[in-house]
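Q: Kindly generate the complete structure, drawing on both the sequences and the hints.
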Amino acid sequence: MLCDRCHKRDAKVLYTEIINGLKKEQHLCEECAADYTSFQMEKPLLNSDLTLGGLLSTLLENYYTAGATKGAGTIKPDMICHRCKTSYQEFLRNGRFGCADCYRSFGNELGKTFKGIQGAEMHTGKRPKGLVTEVDRVMKGLSEIEKLSLKLQEAIEKEEFEEAARLRDLIKEMKKEESSNA
Amino acid sequence: MLKWYEINGPESDVVISSRIRLARNLEQYLFSAKLDDETAKAMVDEVKEITPTLSQAGTRKFYACNISTLNDIDKTAMVERHIVSPLLAEKDQPTGLILSEDETISIMINEEDHIRIQAIVGGMNLEEAYEEAEKIDDIAYEKLHFAYDEKYGYLTSCPTNAGTGLRASCMVFLPALSSARLIHKLMEEVAKYGMTIRGIYGEGTKSLGSIYQISNQKTLGSSEREIIDSLNRIVQQVVKQERKRREYMLSVNSEEIEDQVYRSYGILKFARQISSDDAMTLLSQLKFGADSGVIKFDRAFNIHKLMMGVQPGSLQWSLGKNVGSLTRDQSRAEYIRKELPTII
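Order-wise, the sequence lines are chains A and B.
Under the numbering used here, the first residue of the first sequence carries the number 3, and numbering increases by one thereafter.
Under the numbering used here, the first residue of the second sequence carries the number 3, and numbering increases by one thereafter.
By construction, these hints were calculated from the structure, which means they are not laboratory data.
Here the structure is a predicted model, which means the values were calculated and not measured.
The beta carbon of each residue, even a glycine, is placed where N, CA and C say it ideally should be.
Derived coverage of chain A by chain B (criterion: at least 3 residues anywhere in the stretch with Cβ under 8 Å from a Cβ of chain B; other residues may be distant):
| # | region |
| --- | --- |
| 1 | 83-89 |
| 2 | 99-106 |
| 3 | 118-128 |
Taking lysine-lysine pairs in the DSS-like style, the calculated list, with each CA pair at most 30 Å apart, reads:
| # | chain 1 | residue 1 | chain 2 | residue 2 |
| --- | --- | --- | --- | --- |
| 4 | A | K128 | B | K153 |
| 5 | A | K87 | B | K93 |
| 6 | B | K194 | A | K128 |
| 7 | A | K178 | A | K149 |
| 8 | A | K87 | B | K36 |
| 9 | B | K220 | A | K160 |
| 10 | A | K131 | B | K220 |
| 11 | B | K323 | B | K307 |
| 12 | A | K128 | B | K145 |
| 13 | B | K93 | B | K63 |
A: This is how it looks when you write it as structure tokens:
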């Protein structure tokens, strides 16, 4: 049965009105019912408009438009994930990635997005046990001195100056040894 | 084997349960929203294959099933008992579930992410819940290839879950704070520390019987340990505040509270029909009375188990059939009468 008001959508609500003793029955669709009456279709447990995801997409979109109007945004509107074909626009609209490769496809812009919603853009938690990544492979190929230099860098960043001094001396010594060997 | 809601854990006067959820995705499949039914089914089947390995690795037995083949009563009962999320229960795509026999661990397959590992323990005990979930995570990783990135950590469908994929939450019972209308203030307070307070069934749901969920909002940039530690600190604060408020209420209003608690008991014990919202409100009064020693029973009993038992789905599930709301209200009253202990 079609809705008595719009005659387009399926009627889902029977609305009975009694005005001055006059009874009037109408079959309405959800939209017209919401419009015309105080009736609201509600899902008992899942109210999807109120979810974090719903809020998130507004947040993402605001973030994007704010950046664009300022002219600061270097977002390329045609960024599309090569694997699942999700566009960056689509991601902003839905607040959902299409696949794992989206994280790589959307490049540096994503870092800013993450900074905006998570307050961070770098994972510092658990790594899967026994995971060998590109970084691990590169690290493996490094010489002892190169590894120590990286550690030195890290110590300086963490302001652990005693450790840094120790590493600096160690590297110096190793370099000396190396040149004398050569 | 006792179920988590049959055990009273630490701080159980305020903290009903602690829950850990880890979101994981398989590298070789597109994320859930982009999967067609056929591929989704293949993914669900692949994940379900780890079930025997899980049973062998631990002391628990695990069972796997397809959510889409269950009837509505089963699904609703599972949502009410926090085994599956409302989203998983309502999804049209192929979905799956691996569940431990004590209902402590559930693995939702093809929810918003391919895999959601969930561990629930009674009382305030996030550490134990995390240990349980991590064990499953490690075993699953040996068989399945998780999408992981050095920069963004575990990759998830929604950017609010990326990184650790960890959502830690405590289900708390706050009758004193909510009757003093302090929940809103608490929400603001908690938000400052990156935590959030929500209704009993999570995102977008209302609170029933003064039960709320407190959980972390951010998943990237802090380690699992840090997230759990800060949630622990917040919940401990909430526990302190709730207890203080309860003490205050009892000191100024003890006679009225006593009257209210005994009235609630009276209705629960003698009513011939009762709705689930009414039952929740009265049971929450009774829990408050029992925890603060206003009312004493001849035997130990777990009010939270009763709170789950009176929910429409669980009730019909134990009746074994779908019944109308009048019959439901009658059998709910009968169930409560049977379960309630005697006052001493």
